[in-house]
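Engineer: The lines below spell out each chain.
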Amino acid sequence: MVAPAALVAAIIGVAGAAAAASLAGLGVAEAATLAASVASLILSVFSVVYTRAGTPLLEGELWVDPYSSWMLLLVSLVYVLTALPSIHLTRRGGLRGLRGESYYLLVNSAFAAMFLIAVFNDLFLAWILLEVCTILTVYLVCIRGGGASVEAAWKYFMICAVGMSFSLYGLVTVYSIGASIGVAEPWRWTSLALASGELAARPRSLVAFMFILAGFSVKAGLFPLHFWLPDAYAEAPTPVSVLLAGALTFLPLYVLLRISYLIPPGSMVFSLLLAVAVATILYASAGMLVTRDVKRLLAYSSMEHMGIMAFMIYLVHEGVGSIALLAFAIHSIGHAVAKSAAFVSSGLVEEYRGSRLIDRLAPVYQVDWLVGGSLVAFLLALLGCPPFPLFISELFGAAACGTAATLATYIAVVLAAFAALAYRMVNMLRAHDAHHDAADAAPSGSCPACYRVAVYVAVAALVALTILSPMVGRLAQPLTRWIRGW
Amino acid sequence: MHDPVYAAVSILSLIMLLTALKITTERSLERAAKIYALQSFMLVLIFLLMGIFVDHLFLVWSVSGFVTKTVLVPYILIWAIRKIGVKYDSKPLIPEVLEWVLAGLCIGLSFALAAGITGGVSLVPLAVSLSLFLIGLLQIMTRRTTVKQILGLCHFENSSHLTLAFMAPRLPETVEIGMATDVILLVFFGSILTIMVYKQFKTLDTSTLTGLKEVG
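Protein sequences appear in the order of chains A and B. Add 5 to the 1-based position in the first sequence for our numbering, that's all there is to it. Add 209 to the 1-based position in the second sequence for our numbering, that's all there is to it.
Bound-form chain A, shown alone (with noise of 0.2 angstroms):
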């Protein structure tokens, strides 16, 4: 039996240690980074065995129980996926000397936070490792440069920051309520779940839920503030695309699932986490359909599982809470790694054709066997397709649905984006007129072994959570549950 304390010190030291390391010149920081991922990951997937109870950590300020090791393993699975084409982008990609470190600094800085994030207990230490991040890979966004993405780096930055202050609102009066019913510290997820009965009952409590969920719904780029989103996956370079989709954006939603625990059943504040989740969705899938760039196509594909598990975050409360929790967990992992090695793959298919513009990637599967291909089966799993872990969860959130009311909207609003992302991939797969020369549609070199690799990586993880993800039970219990046993 090995201690969850040890396990989880152990992944964030390895992170802070490559970050520490990153200064030490382009080559180590390379292998470090490399280094602290792979053993962040096989640490975190004998986190998810071995942790098997609730224990609180540095005196409580962080908690560590099986769904926030299931976090551990999603981020770390971002991390080996960001790890791998951060070489190419390194090494080719113009990113020397001094910029090639301070970007593997700030990688695995901000991978660092994110490990502490998935185990946070202090409100506001997640809050603002959560501004951190952001801060943080601001400045990864436009590392290379160039108009456009300066223009996105500078949205980001400043709709993203100007929703964690409300967030920060919504925490503080969540605080002082908490301290004036007699919480004994009201800073933590753990003290303010057990009184959440006392903390709904005043009416000051619905202000602060609504500011909180205003502040994170802006930083997971769920409608109407999302518009930072799709310009900042699509200019920052691969690798960071990958961290920012597969994980950062997400985080929030998890910090916001963990929150709602202490917001009453049949509160308001669920009503509208409903009403966003459903106008996200269907803002993304009209985004797809309009798009003509691929990674925008992507980020848009992003924003859409972000209202999906928005949604089940509403499900996890007012419908079957315990398979919406299931399928959250699973929806939540599949995608990060659906989505990292689809930006791997379409960084590489931009290489080849020098171009992100959909039409000129058509025929996808004629850049490269594996490169093409593996584009291709990445749209799938998004898609929700069998056998893939989105297809499970996508499944188990219908499942999940307490009315027939909200059964009929879930349905509508993941087949409209099932219809819309799956049009824009047939696109992709059709041959157009050839509008383009065939220097164009020849590949101008060979896949890099990095981003090969992460390809691999990325299909034996969707292969082993489609086969493990159902079987992983002890994810279906309340939250609070693990609580209560400390």
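Rather than coming from a laboratory, the hints here were simulated on the basis of the structure. Positions of the beta carbon are idealized from the N, C-alpha and C atoms, including for glycine. Just to be clear, a hint being listed does not mean it is correct.
Computed from the model, here is a short list of chain A residues facing chain B with C-beta under 10 angstroms [stated by the list, open to error]: (1) 102; (2) 103; (3) 136; (4) 147; (5) 167; (6) 181; (7) 184; (8) 186; (9) 187.
Using the hints, position chain B against chain A.
Structural biologist: Just chain B, lined up with the frame of chain A:
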């Protein structure tokens, strides 16, 4: 809180509010950054008073606030402004008179909300904190230069700090350290971005950043 201390804190809070209005309408970017230093210094004095008379924990807040917000944040901003050589703010998106009217509405709304929340206790500092938040938001929406928008975010930071002091005074030191780190990172990377925006577009006017429109 003792009455004289509360009175002093209220006066310092009101000075913070005046500086916020001045920062929003100030044309010179460097002067706006210096007025922000004054605003932060008022916040530091509030923490110092509370540290002496209410709870010694606030002494730590006043030291970290002085180092980060009164010294480092304005220093970084002024460094960026001098590096790019842009001295003045662009024309606001709405007429300045309308901006004043909206700022007045923000202040009125904040006092009404604070009265509802506190029931009279700590009314002025809380109302000022809400006002700073709303004026920061107004500044981000109406002012077009990146420096003014970063200063809008700094208003949020000061507002949150003031709110934390009155509504969440016994938070662990980790939160205070985190907030201090956050504001430095925010302004440092914001300033780097400002320099990058200027290098790319030869202006700090964010209304010119319209290249990323959906194609199709």
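Engineer: So, for every hint listed, does it hold in this structure?
Structural biologist: Structure-based check of all given hints:
1. 102: At about 17 angstroms, which exceeds the 10 angstroms cut-off, the nearest Cβ of chain B leaves the hint on residue 102 of chain A violated.
2. 103: At 13 angstroms from the nearest chain B Cβ, residue 103 of chain A fails the 10 angstroms test, so the hint is violated.
3. 136: Constraint on residue 136 of chain A satisfied, holds at 5 angstroms.
4. 147: At 6 angstroms from the nearest chain B Cβ, residue 147 of chain A passes the 10 angstroms test, so the hint holds.
5. 167: Result: holds, 6 angstroms to nearest chain B Cβ.
6. 181: It holds, given that the least Cβ distance between residue 181 of chain A and chain B is near 4 angstroms, below 10 angstroms.
7. 184: holds, 7 angstroms
8. 186: violated, 14 angstroms
9. 187: violated, 13 angstroms
Violated hints, in rising order: 1, 2, 8 and 9; the structure is consistent with all others.
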